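Q: Residue numbers (the working numbering), protein chains in the order written: chain A, 45 to 394; chain B, 45 to 394.
Where chains are identical, the list cannot tell them apart; a pair therefore holds if satisfied intra-copy or between any two copies.
With a straight-line Cα cutoff of 30 Å, these simulated BS3-like cross-link-like pairs (lysine-lysine) come out:
no., residue 1, residue 2
1, Lys296, Lys73
2, Lys165, Lys264
3, Lys77, Lys118
4, Lys268, Lys296
5, Lys77, Lys259
6, Lys77, Lys93
7, Lys350, Lys296
8, Lys165, Lys296
9, Lys93, Lys276
10, Lys276, Lys259
11, Lys93, Lys73
12, Lys209, Lys379
13, Lys276, Lys77
14, Lys199, Lys352
15, Lys296, Lys77
16, Lys259, Lys238
17, Lys77, Lys268
18, Lys73, Lys209
19, Lys209, Lys77
20, Lys199, Lys77
21, Lys276, Lys209
Hints are computed from structural coordinates only; laboratory data are not their basis.
Please read all numbers here as calculations on a predicted model, not as lab measurements.
Number of protein chains: 2
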Amino acid sequence: MIEDKNQQRTPLSALGEFGLIDHLTTNFKINHKSTIKGIGDDAAVLSHKDKNIVVTTDLLVEGVHFDLSYMPLKHLGYKAVVVNLSDVYAMNANATQITVSIAVSNRFPLEALEELYAGIKTAASIYNIDVVGGDTTSSTSGLLISITAIGEVNKDDVVYRNGAKPNDLLVVTGDLGGAYLGLQVLEREKEVFKVNPNSQPDLEMYTYIIERQLKPEARKDIIKLLKDLNVKPTSMIDISDGLSSEIIHLCKQSEVGCDLYENKIPLDPQVISTCEEFDIDSTTVALNGGEDYELLMTIAQEDFPKIKANPNLTVIGYITEASSGMHLVTRADTKIPIKAQGWNALNDQE
Amino acid sequence: MIEDKNQQRTPLSALGEFGLIDHLTTNFKINHKSTIKGIGDDAAVLSHKDKNIVVTTDLLVEGVHFDLSYMPLKHLGYKAVVVNLSDVYAMNANATQITVSIAVSNRFPLEALEELYAGIKTAASIYNIDVVGGDTTSSTSGLLISITAIGEVNKDDVVYRNGAKPNDLLVVTGDLGGAYLGLQVLEREKEVFKVNPNSQPDLEMYTYIIERQLKPEARKDIIKLLKDLNVKPTSMIDISDGLSSEIIHLCKQSEVGCDLYENKIPLDPQVISTCEEFDIDSTTVALNGGEDYELLMTIAQEDFPKIKANPNLTVIGYITEASSGMHLVTRADTKIPIKAQGWNALNDQE
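Okay, chain A solo, but in the shape it has when bound (with noise of 0.2 Å):
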């Protein structure tokens, strides 16, 4: 559906590899002070001082990851990069620095890069980071977009996974669910469109979530937010497999137990209404829905007051001891054991 709106087609082979990668990143500014050199050498040079620098990496995959056939490559662009910079803000950093590679088939014509670029571009723009180098070549089959974002944090401000301890508090920010109905929506609409290709769908009740699925944000915001009440978490993780798969990382790595409460979840009247109409649990959607890119933090108890009033963050549950195992509290006041049963990328493919 995108590419087909494409008048121009420059095939890819028209620029050869090293054109490619200069034509894509010409208007690609550097910002920071520690970046020295960005692209155009063997590597980048960064210059860090008295802080840590944090890495990350992820893969997003044509087929398994996206599908553009509903995934506008602009759009894609932006997801790709956000993704990553999700990684960078739940260790609590500032995200500074990406490199961004990607593997491409000859069906793709530059005009189509281009797209994805322009994605790339503003994003790196919004979040104020640097895109410092890459490689592009093909692929046998589909696009393939690997990303590794860099960042830095005063040393005594790093947030990891493993430090929850018992009475803490589980919060999140944002709400859960959206991207995966998104995404529910979105296939529907693609079923319909084979069927009839003149089908012209009405998205409109439709747009948070959709939303939530194309184009995604990272919760940078919340970096500062947390800076500016004062409250360092006591550990954090990003919500990118669905609630109950990461709060099962979060306890393990923590060596602790917690009760989490469904009616404390939050999620948009879009979400509610949604659910209803295709007929699925919003709790199920919210635990195991994924993408969302939210971010699920403990809090110590004395930093209650200091939380308690803003709209971005939500407690839903406390951390136990490990001996009393995970759960759901539900809204009959039953417990049942909290399972990972989030998007898994190897069970889903041939």
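With chain A fixed as given, assemble chain B onto it according to the hints.
A: Below, chain B alone, put in the same frame as chain A:
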């Protein structure tokens, strides 16, 4: 050929994504003080003082960069690391950490990935680098490896591609053309094998060039040697795409020209004899073959006494004014313009 040898075949879906990363990286040790946190959180955490850090990334795609019918997975893992480290050394930096991401189709059993990671681990151990992160996901076809390497270097020691000056000496490490010829031998054996699967190839006379292709080494030793000799190159680049392509990069970025002497290009005797056998010109192979992972550098004239006795370093020409252009001076003493005919990843593929 490689996969068939595996008696055990554990489907990847038996582990799931999280289990797979844990399983593959269990025995990866941390050796560097600068590695504060490796695998296991949203991002790795590194610390650096008074130094610049360098970052480089490379993608290797099955069917484009490697062919598993003659590339054992262990060697592939090793080579994927080495290729990235080579870029770090080309900055005159010391490689310290890598992240490794792979996309893999379910036709690969767990044992195949274990082989791959065994090679990665061997390289990490030999080059003394910490594996600090990564991502594993499924692909719809084949295997793809994305590695990001990080290194550190004293602020005054960084060497870029753009520092070459007229009259500087053009110097290359090791010898050239071997990796390309090794590939030709392996391709030929593959064709023979197709016709007669019982053939037992005798590759003894090609040991060196096959090793250059299957198990290349990065020139970490040269970074130490240059320090010991008290030589800081004015510019440096690693030779991944062929000598002519790298010379052009270096001259263009430095805004200079050069005279390269054909009779000075270092060739191994096995390269010469195999070129005769295949009826290919050895200079063409050295100029355009690629994948040698040697270092090309320029050195000020006054440093010549320091390097002249060293068997690892060969002077192959000198830098001229940009207006003179880039030329190969042939054995017949004629000047031919240097053109990039290096292996081009985007032209070769459909």
